[in-house]
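Spelled out from the first residue to the last, the chains are:
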Amino acid sequence: MTKKFLAIIFIFFVLITYIIPYTLLSHVHAWYGSFLFWAIIALVIIGFNYFVTRNWGK
Amino acid sequence: MNTQWVWLGVIIYIILSLLVALISRRGSLTDMEGYFLGGRKMNGFMSAMSYSATTYSAFMMVGLAGLTYQGGVGALGFEIVYFIGVSLVALFGPKFWLIGKKNGYVTPSEMIGDRYESKGVAMIIALSNCLFLIPYSAVQLAGVGYLLQGMTNNAIPFTVGVVLATALALLFSVIAGIRSVVWTDALQAIVMIITSTIVVLIVIHGLGGFGHFFTTLKEKHPESLAVPGNGYFSFTTFLSLTLPWFFFSMSNPQVSQRLYMPGSLRGLRNMLMGFLVFGFIYTLVSVLWGFSAFAYFPHLATADLATPKLLSSSLVPTALGIIVMIGILAAAVSTIDAILLTLSSLFSRDVYNNVKSDVSDRKQLQVGKVVLPIIAILAFIFAELQLNLISVLSVASSAGLIVVVPAIFGTFFWKRGTAAGVITSVVIGAIVVLTVEFSGMKPPLQLGSGVWGLIVSALVFIIVSFFTRAPSSSKTQEFMRIRVTDAKD
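Chains as they are written, first to last, in this note's numbering: chain A, 1 to 58; chain B, 1001 to 1489.
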């Protein structure tokens, strides 16, 4: 997977972190709205970093 | 809360931490690398815990909880943006680590100065870091004073709390330099995460369990579960608050200096991953803590009262309340001691060493050790004075530190960047941030000082660099060509 592709995915994550809660989820007043979305984004970021750094030191 | 019990908790915490600090005394402490970087031999787990304890201050269980109380779920988004920003370590971490090891850098500003072949660059970055981080430490110290005072109904006066926090931070830094900081940080991180998780689970259980808890929020305060919600987290406010924190892992020297410390690239990876897991749990716990306060006491006069009020409520058993309070105290002290140590290394390495030429490594260390208590006393005096000026500088700290970010990107990714570009971008960027913060003016487009600081410093860096002479191509190439695969553990 190229660095460029990883950078695009990362920028995509950053953008949806800002955009989705203020658009699609702005009227979802429940735990499965922005609360769940941001929690999932955090988990995805953990997975992303795990993947990107998998070969460090090998 | 019973003062004697609070004192007992504080004394146990002091004894345990000091024991750990004393045990950490080994390895060379007689040179800059040994004292400030642990000889570049830190293991992944200790580095991860220490990185976590240094990053997460008393802000989490007090400030972030208060922010959740005030603005709802947007506080979670705010912290998650910071969390995503830590991914910058995946991009910059190996570069810092490799070039730091190769060229023997002790501070990030030393590295940036060398890259742009300018002592002035190293000095100006070190001084701007001090300008924003000393007041930030002072506010952390004051936070401990308020916490102990509030929890004991003034039985432990403000000054006693501040003196205690200053003395502990100083002790943890001087006993064995970064080694004692890292070891006590690791202990404190474990205390922070365990106590806060337990107390939140108990409180939510007391409020009827997760299902009932969120149903209460949904029915009584639906706006707290969405953004902009009650209007506190408008999009521009959210952007202004989050942008400086997105770059925190690069802009704050007390954490970026950590990138030099792991003994191997594998250790660096473990530090990053360990921190992300810690941060995920601690963030959710702190936000749920704020939501709990909101569900239980929806009409407090100010959001700052959310944590003390909840800790002294019937939902939290006294013993646990004291342990959590110790966790918050530990969070503050573990942030302050790391900042003290980093700032003293910045002063001795990048200011003293550059003003006086040919200073030996031993002499630099001596100067660092002398400066350490001076910075602590300075922070203590600022905390005691409770000046408005200090609180403004503290609020401005994350925004003020962001102005170095364009120079850091240029260090590794832009050949054309110049020393003049860095110096002007840092100075003008800092002036923009300070002007916005001190004047109380409403910046254009309602974006905060950090956003404008970043935009202005990036533009100035680019424009000035185009009109000035770039450093030698050999130095530039050395930084541009670093690859993760170059690492030999």
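Don't take each hint at face value.
In silico DSS-like pairs for lysine-lysine, Cα to Cα no more than 30 angstroms straight-line [as the list claims (entries may be wrong)]:
no. : chain 1 : residue 1 : chain 2 : residue 2
1   : A       : K3        : B       : K1475
2   : B       : K1102     : B       : K1442
3   : B       : K1095     : A       : K3
4   : B       : K1101     : B       : K1119
5   : B       : K1095     : A       : K58
6   : A       : K4        : B       : K1101
7   : B       : K1101     : B       : K1356
8   : A       : K4        : A       : K58
9   : A       : K58       : A       : K3
10  : A       : K3        : B       : K1102
11  : B       : K1095     : A       : K4
12  : B       : K1041     : B       : K1309
13  : B       : K1119     : A       : K3
14  : B       : K1363     : B       : K1041
15  : B       : K1119     : B       : K1442
16  : A       : K4        : B       : K1475
17  : B       : K1119     : B       : K1363
18  : A       : K4        : B       : K1102
19  : B       : K1119     : A       : K4
20  : A       : K58       : B       : K1102
21  : B       : K1356     : A       : K58
22  : B       : K1363     : A       : K58
23  : B       : K1218     : B       : K1363
24  : B       : K1095     : B       : K1442
25  : B       : K1415     : A       : K3
26  : B       : K1119     : B       : K1218
27  : B       : K1309     : B       : K1102
28  : B       : K1475     : A       : K58
Please keep in mind that the hints were generated in silico from the structure rather than gathered at the bench.
Predicted model, so just to flag it, every value in this text is computed and none were measured.
Taking the hints in turn, this is what the structure says about them:
1. A:K3 to B:K1475: holds, 24 angstroms
2. B:K1102 to B:K1442: violated, 46 angstroms
3. B:K1095 to A:K3: holds, 15 angstroms
4. B:K1101 to B:K1119: Measuring from Cα to Cα gives roughly 20 angstroms; hence the hint holds.
5. B:K1095 to A:K58: Answer holds: K1095 (chain B) to K58 (chain A) is near 16 angstroms, not above 30 angstroms.
6. A:K4 to B:K1101: holds, 27 angstroms
7. B:K1101 to B:K1356: holds, 24 angstroms
8. A:K4 to A:K58: Measuring from Cα to Cα gives roughly 22 angstroms; hence the hint holds.
9. A:K58 to A:K3: holds, 18 angstroms
10. A:K3 to B:K1102: Satisfied, since the Cα-Cα distance of roughly 25 angstroms is no more than 30 angstroms.
11. B:K1095 to A:K4: holds, 18 angstroms
12. B:K1041 to B:K1309: Violated - the C-alpha atoms of K1309 (chain B) and K1041 (chain B) are around 43 angstroms apart, more than 30 angstroms.
13. B:K1119 to A:K3: Violated, at about 33 angstroms.
14. B:K1363 to B:K1041: holds, 23 angstroms
15. B:K1119 to B:K1442: At roughly 36 angstroms apart (the allowed maximum being 30 angstroms), K1442 (chain B) and K1119 (chain B) break the hint.
16. A:K4 to B:K1475: holds, 25 angstroms
17. B:K1119 to B:K1363: holds, 18 angstroms
18. A:K4 to B:K1102: holds, 27 angstroms
19. B:K1119 to A:K4: violated, 34 angstroms
20. A:K58 to B:K1102: Roughly 19 angstroms separates the two Cα atoms, so the pair holds.
21. B:K1356 to A:K58: Violated, at about 42 angstroms.
22. B:K1363 to A:K58: violated, 38 angstroms
23. B:K1218 to B:K1363: violated, 62 angstroms
24. B:K1095 to B:K1442: violated, 39 angstroms
25. B:K1415 to A:K3: This hinted pair holds, its Cα atoms lying about 19 angstroms apart.
26. B:K1119 to B:K1218: violated, 57 angstroms
27. B:K1309 to B:K1102: violated, 52 angstroms
28. B:K1475 to A:K58: Within the cut-off at roughly 27 angstroms; holds.
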